[in-house]
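2 protein chains.
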Amino acid sequence: MNERVGFAGLGIMGSAMAQNLLNAGADLTVWNRTPSKRATLVAAGASDASDLPALAREAAILFICVSDTPDVEAILFGDNGLIEGLQEDALVVDCSTVSPSATKRFAERLANQSVHMLDAPISGGSEGAANGTLSIMVGGEAEQVERALPYLQVMGKKITHVGGHGAGQMTKLVNQILVAGSMLSLGEALLFAQAGGLDLERTLEAVSDGAAGSWTLTNRGPQVIKRDWSPGFMIDLQEKDLRLVLQEADELGAPTLGSSITFQLYRSLQRRGLGTQGNHALVRALEYVSSIQVGE
Amino acid sequence: MNERVGFAGLGIMGSAMAQNLLNAGADLTVWNRTPSKRATLVAAGASDASDLPALAREAAILFICVSDTPDVEAILFGDNGLIEGLQEDALVVDCSTVSPSATKRFAERLANQSVHMLDAPISGGSEGAANGTLSIMVGGEAEQVERALPYLQVMGKKITHVGGHGAGQMTKLVNQILVAGSMLSLGEALLFAQAGGLDLERTLEAVSDGAAGSWTLTNRGPQVIKRDWSPGFMIDLQEKDLRLVLQEADELGAPTLGSSITFQLYRSLQRRGLGTQGNHALVRALEYVSSIQVGE
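Chains A and B, in that order, are what the protein sequence lines are.
The first sequence begins at 27 in my numbering and counts up one residue at a time.
The second sequence begins at 27 in my numbering and counts up one residue at a time.
It is possible that some hints are incorrect.
Chain copies aren't distinguished; within one or between two, either way the pair holds.
Claimed, not checked - Below, computed lysine to aspartate or glutamate pairings styled on EDC-like, alpha-carbon distance capped at 20 Å: (1) Lys-183 - Glu-227; (2) Lys-252 - Glu-172; (3) Lys-184 - Asp-225; (4) Lys-184 - Asp-235.
Just so you know, the hints here were simulated from the structure itself, not pulled from any lab data.
Next up, chain A with everything else stripped away, as it sits in the complex (with noise of 0.2 Å):
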C-alpha cells in the first residue's frame, strides 16, 4: 500500500471501506458531498480534500462509492470533478453499482487521459463493508487489478477479476437477479405457507436445509416471519439495481421475466414510501395483492 489513496463517497458503505482502509495504514484522503460525513475519518487521521480535483491532486488510486450512474458521472467528469485533477497514470476504482454500457464509457474516456479505471461494485452489505468481508467483482486490465489488489483485500475477502471494463457491474447485476428472484420465492412461500395454516417457524425449518436452501432463506426468512424490516439492504438501491438490469438487459436481448416482475413490486413499494425498508419486505407488495399478512 505504497501509494496515496483517495475516496469520494462516505455513505454507510463508503464509510465504512475507508475506515478499513485507514486500520490497515493507507494514505488516506477524503472526500464527501456532505462535508460533516468527513469528520470521523478525519479525527481518525484522514486528510480532507477540499474539493474532487483536490482530492485527484492529492492521490494516485481514487476510489468511489455512489449511488447510481449519474453520481459516478458527476464526481468524474461533472464542474469540479476528478477529471480537473486526475493525475497521470492515476487509477480511478469505482465501487458503486452503476450502468456497465456507462462504465466502458467512463473507462475509455479516462484512459484518454492516461488515467486508468476498474470497476468495482461490491457485495456483502453494511455488516460486510463494516468486516472487510466484501465480495469485489472486479472488471478492467488484469495489471491494474493487480495494482488495486492491496486496497482490495483490506475491504473484501472475495476478490474476482471477472473480465474487462464493466464486466464488475455485469456480474453485480447477475448477482441482483439472483438475490431479487430469490426474494420473490420468499415472499411466496411464506404468504402460501401463511394462507395454509402452517407454522412458518416450522415450515422454514422444515425447507432451509435441502434444495430449496439459499442465504436469503435463512438470513431473510425470519426477519420476515417477524414482520422485522429494517434494511440489509435498501429497496430504494434494490430497485435502481433492477432498473440497471432491465435496461442492460434490453440492450442485450436478454429475457426478465422474473426481474420484471420483482422490479414491478419493488416500484410500487416505492411508491409507498417503503424505499428505505429492506429488500425482504418484497412480499409487502405480495401482500397487498392478496390481502393475505405474513405473521398475523
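Keeping the supplied structure of chain A fixed, place chain B upon it in accordance with the hints.
Showing chain B alone in chain A's frame:
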C-alpha cells in the same frame, strides 16, 4: 422397528427407501404395479405381496411412494386397493407429493375405518433416497409420527413434524415454490451473463458465496453451464408439483406471480418432449423466448 412394514411404489425413490428399511432390519413386504421392479428387493430379503389387499393384510405400517394424487387414491381406495385388506389401527405413511386437500380427505376416510395416516413427502433427490439423507416433512397426529419415526429415520436425516394432516404436503409445496423460483433466477441470471459476454464459470464463482448464494446455484449452476440436463429432479414431476401449488394457492387466495411463470415454462418444455430432463433445464425455455443460448 417391531412392526411389519409394507412398501407400495418402487420407483427410483421408493426402491432406495425400501432398501434402506431392509438394510436396517425391517420385516418388509413390497408391492409395485410393474412386478419386475420388486426383484432386487425380494432377492435382498423382502417378501413379495401378490396384490395390495395382501400387502395390507401383511403389514401394520404401509409406506406409499408414487407420483400423483390419483395414484395414491387408486392404491388406497381403488378396486383391489389397500382398503380391502387394511388391519385395524394400521398406519399409512404417504411419501408421495400430492394435493394437501386430497390428503386431508384420504386421512378422514381412513380414520373412519380405524386406520391412521401421515403425509410424509420427501425432498433430497435420488442421492438423498439412496443415502438415507432425505428431508421428510410430516403431517398428522403426534402419536403416529412417534410410531413412524424409527422407520423415517432410516430413510431421512431431517424429519420435521410440521402440523396436522396435509401440513406435510403444504410444506413440500412451499419447498417447491422456492426450488422452482431459484431455477427461474438461475436461468435468467446465466442468460444475462451469457448475453453480456461474461465468463460463466468465473461469474458463478464470484456470486455463489454471498447474498445470491443458494443450493441451486451451487449444485445446478455448473450443470447448466455444461448443458448437462440429466435430472436430479425431473421436469415432469416439477411441473406436477407446481400445478399442485397453483391449485392450492387458488383455493387459498395466495399470490403466485413467480410460480405461475415457472409452471408455464416447465409446461412448455414438457410439450417439447423434455419432461424427463432435470428441472434446471428451465433455462431452455428462456432460451427459446430469447434465442440466446447459455454455454455457447
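Status of each hint after checking the structure:
Taking CA atoms no more than 20 Å apart as the test, Lys-183 paired with Glu-227 passes between copies only; the shortest distance there is 19 Å, against 32 Å inside one copy. Taking the closest pair of Cα atoms, Lys-252 and Glu-172 never come within 20 Å of each other, the shortest separation being 44 Å inside a single copy and 30 Å across copies. In the homo-oligomer, the alpha carbons of Lys-184 and Asp-225 lie at most 20 Å apart only across protomers (17 Å), although the nearest pairing inside one protomer, at 37 Å, exceeds that limit. For a Cα distance limit of 20 Å, the shortest separation of Lys-184 from Asp-235 across copies, 9 Å, qualifies, whereas the shortest one inside one copy, 24 Å, does not.
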